[in-house]
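Could you put the whole structure together from the sequences, leaning on the hints where they help?
Protein chains: 2
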Amino acid sequence: MMNVISDKVVSRLSQYRRLLSQLNQQEIKHVFSHRMAEEMGVTATQVRRDLMVLGFSGSPTKGYHVEDLRVKITQFLDGHERQLACICGIGNLGRAVMGYFSGRGVSVDVCAAFDVDPAKVGRAIVGRRCYHIDELESVCKELKLSVGIISTPADTAQSVAEKMIQADIKGILNFAPVVLKLPSDIYVQNMDVSLALETVAFFASQKRQS
Amino acid sequence: MMNVISDKVVSRLSQYRRLLSQLNQQEIKHVFSHRMAEEMGVTATQVRRDLMVLGFSGSPTKGYHVEDLRVKITQFLDGHERQLACICGIGNLGRAVMGYFSGRGVSVDVCAAFDVDPAKVGRAIVGRRCYHIDELESVCKELKLSVGIISTPADTAQSVAEKMIQADIKGILNFAPVVLKLPSDIYVQNMDVSLALETVAFFASQKRQS
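Same order as they appear, the protein sequences are chains A and B.
Just so you know, we're using my numbering here: the first sequence kicks off at 303 and counts up by one.
Just so you know, we're using my numbering here: the second sequence kicks off at 303 and counts up by one.
In case anyone wonders, no lab produced these hints; they're calculated from the structure.
Mixed in with the good hints there might be a few duds.
[Stated by the list, open to error] The calculated DSS-like cross-link candidates involving lysine-lysine, where the alpha carbons are at most 27 Å apart (straight line), are:
1. Lys310/B / Lys509/A
2. Lys310/A / Lys310/B
3. Lys509/A / Lys509/B
4. Lys374/B / Lys364/A
5. Lys509/A / Lys443/B
6. Lys483/A / Lys443/A
7. Lys509/B / Lys483/A
8. Lys446/A / Lys465/A
9. Lys364/B / Lys374/A
10. Lys310/A / Lys483/B
11. Lys374/A / Lys483/A
12. Lys483/A / Lys465/A
13. Lys331/A / Lys374/A
14. Lys509/A / Lys364/B
15. Lys374/B / Lys446/B
16. Lys310/B / Lys422/B
17. Lys509/B / Lys310/A
18. Lys422/B / Lys483/A
19. Lys483/A / Lys364/B
20. Lys465/A / Lys509/B
21. Lys443/A / Lys509/B
22. Lys331/A / Lys483/B
23. Lys331/B / Lys509/A
24. Lys446/A / Lys483/A
25. Lys331/B / Lys364/B
26. Lys310/A / Lys483/A
27. Lys443/B / Lys465/B
28. Lys331/B / Lys483/A
29. Lys422/A / Lys374/A
30. Lys374/A / Lys310/A
31. Lys446/A / Lys509/B
32. Lys364/A / Lys374/A
33. Lys509/A / Lys483/A
34. Lys422/A / Lys446/A
35. Lys374/B / Lys364/B
36. Lys422/B / Lys374/B
37. Lys483/B / Lys465/B
38. Lys509/A / Lys483/B
Below, the structure written as structure tokens:
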């Protein structure tokens with residue numbers, strides 16, 4: 303089952319966990335699937351189906367136990383060890399992405415940064431040490447990093463991704479506006495901001511005209 | 303047909319256009335669907351099917367005419383007028399997003415910024431005037447903006463989205479880590495960076511163990 307779970311389910315589980323943490327802070331002990339569904343913009347059936355993947359079910363009268371469910375999702379998503387990530391390309395977007403994760407309780411630590419700019423290499427940037435990109439393989443292997451974030455310009459993204467794979471990185475979050483060509487055993491998620499904006503603009507224009 | 307086109311097709315058309323612009327710069331006149339498919343990581347059948355949506359077909363011997371196809375896609379995606387966008391929340395991520403679009407040839411202009419910080423309001427930030435969020439409705443209506451980008455903290459995103467809708471905005475690109483609850487006639491695309499990173503980490507961990 304672990305091998306066929308879709309990235310959409312994983313993404314929703316991550317969202318449920320965030321919601322459960324919020325409920326926990328509000329000292330809410332139990333929650334029904336329809337309440338979670340409403341908060342997430344999905345159906346209650348979807349929520350129940352996703353949580354069944356974990357083998358977790360709620361009480362018909364009280365719903366799900368918030369904290370137990372949060373712990374269960376965390377065990378499922380994070381496994382036994384916290385994943386460590388590096389980020390390559392420390393321009394504005396790279397810095398923003400690094401800042402974005404500081405203190406957010408995301409279950410991934412971004413613990414090393416890489417760039418080629420001599421003004422950045424060897425310094426701490428947003429609290430992480432910045433190394434030269436040539437050190438990627440040795441640093442990633444030493445720190446046992448498994449996740450890479452690419453926020454370089456488009457024309458260097460492919461070569462950076464290949465360096466990451468050399469360094470045993472298995473999953474890549476790619477912000478560069480380019481399609482990476484990588485072996486099928488590497489998991490890649492693209493966050494192409496300009497494509498997303500163009501898509502939004504297209505539908506906004508259609509809705510204006512209708 | 304215009305009403306049933308999926309956001310995936312629109313996103314791919316936007317990607318084809320980017321590729322065609324690159325080919326154009328390299329003075330390549332014709333391109334076959336399988337070449338485009340390879341660059342984009344999709345199948346050639348997919349490329350031909352997408353371009354058929356435009357009523358555009360290639361020559362069996364020469365492939366697609368690069369510049370004609372680029373123009374055709376641009377007409378389809380941008381329609382008669384360029385869409386204008388605003389961005390709300392000018393922290394690190396907001397600035398990075400604004401910088402990201404500068405000079406990239408994206409078919410959307412981000413032409414106004416909004417924040418509540420007195421140190422930002424009234425100044426130019428990354429080349430755009432920053433207004434107070436209370437001016438959102440009047441500025442958006444005056445400039446006829448149709449697209450909104452939200453890069454505020456999670457707890458203000460919903461109220462900002464509602465202000466945008468009041469201001470006749472029809473499409474929203476949401477970077478805030480929260481599910482917006484909006485009328486169904488508003489097109490929303492979520493770019494939830496931490497969810498994406500957690501999803502990548504999950505699959506990276508699985509691939510390590512396998």
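*In ascending order, which of the hints set out earlier in this document are inconsistent with the structure?*
3, 4, 9, 11, 14, 16, 18, 23, 29, 33 and 36
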